[in-house]
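Engineer: Each chain, letter by letter, is given below.
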Amino acid sequence: MWKTLTRWYHQLSSPRYFYRFASAVLPWLMPIAVLVLLTGLVWGLVFAPVERYQGNSYRIIFIHVPASSGALMGYIAMGVAGLIALVWRLKMAEVMLKAMAPFGAVLATVSLATGALWGKPTWGTYWQWDARMTSMLILLFLYLGIIALQSAIRDPRQAARAASLLAVVGVINVVIVKYSVEWLNTLHQGATLKLVGESSINDAMKWPLLISMLGLWLLYAANVLMRARTEVLNRERRSGWVATLLAPGAKE
Amino acid sequence: MYFDSVSEFVAMGGHGFFVWSAYGISALLIIGNMVLAVRQQGRVRQEIQRRLRRDQRPAHNAVEGEVE
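Protein sequences appear in the order of chains H and A.
For reference, each letter of the first sequence is one residue, going 1 to 252 in my numbering.
For reference, each letter of the second sequence is one residue, going 1 to 68 in my numbering.
Okay, chain H solo, but in the shape it has when bound (with noise of 0.2 Å):
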């Protein structure tokens, strides 16, 4: 198990190795997180029961903590990539760090705005600044900040040293972030989903929950496969294999 595990990470730093893994998963993974995300959307807002107190407003949850959540998981994400960047210097993890920027920050986007538009009718204000809604708005703003470091610096090491040590050191936000609604009085409600122990939310309403939330788990990857694709394409523009791969001519 180990050994097998050791062998798929020494093979996906390869980039010419990644390449082929990426470009062999996507026309997979595409249509099948595609595919779960619109069913726990559906399933969310045309099957789910009503909420007692919110009424149909709650149906934003079915985005709103896929988005949240997938935002958070990929800040961690781009974390382990700018430790393993700093410490082992390897290409594909600066490659990783670039590629799930985007996405993150779009999620970061509609997080916050799909929890102002939920906030209005809920708690009668589309904004407070309240320490979950302040931290998720830093996260925002670290996401933004390792685009922008990236697309400053010239020389594509120099950029992902840099940005990995700001996606290193921002990891602290997404700790502030998820306990920002248990340690501190935040207008913003505690988690209804629990990996540990019960969650407090009703089955009709978790299932589409979970299901949308892998979905878009799901398409973030393929998006970060795809762009990380991309990157790798743009860095090895001079090596033998990408001459190769895109000679005049060649198939894939």
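Keep in mind the hints are simulated off the structure, nothing from the lab.
Keep in mind that this is a model prediction, so the values were computed, not measured.
C-beta atoms are modelled at their ideal positions from N, C-alpha and C, and glycine is treated no differently.
Some hints could be false.
Straight-line distance between alpha carbons at most 25 Å, and here's what the computed SDA-like set of lysine to any residue pairs gives [to be verified]:
(1) H:K120 / A:G14
(2) H:K120 / A:L29
(3) H:K91 / A:R45
Quick list of simulated restraints, FRET-style, between CB atoms [what the hints assert, rightly or not]:
(4) A:S7 / H:L90: 25 to 33 Å
(5) H:L210 / A:E8: 23 to 31 Å
(6) A:S7 / H:R16: 53 to 61 Å
A few chain H residues that face chain A, going by a derived Cβ cut-off under 7 Å, partial list only [to be verified]:
(7) W43
(8) V46
(9) S57
(10) T109
Fit chain A to the supplied structure of chain H, relying on the hints for placement.
Structural biologist: Below, chain A without anything else, positioned relative to chain H:
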């Protein structure tokens, strides 16, 4: 199915504006990001392919309008 009619579904019990703008914005951002990723990939490929063609046949590129 929870709703009895399409109009009920659209109205979302008076919360239609919030629900549909939330989903609209989300769809726009997520699909937009996907499209950007695909286009970026196409651009990089084209760039490399153009360079490869140039490197392969420098003579043909040097004279403009030359037919193969």
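Engineer: Run every hint past the structure and note whether it holds.
Structural biologist: Quick rundown of the hints versus the structure:
no. : hint                      : result
1   : H:K120 / A:G14            : holds, 13 Å
2   : H:K120 / A:L29            : holds, 21 Å
3   : H:K91 / A:R45             : holds, 20 Å
4   : A:S7 / H:L90: 25 to 33 Å  : violated, 56 Å
5   : H:L210 / A:E8: 23 to 31 Å : holds, 26 Å
6   : A:S7 / H:R16: 53 to 61 Å  : holds, 56 Å
7   : W43                       : violated, 10 Å
8   : V46                       : holds, 6 Å
9   : S57                       : holds, 4 Å
10  : T109                      : holds, 6 Å
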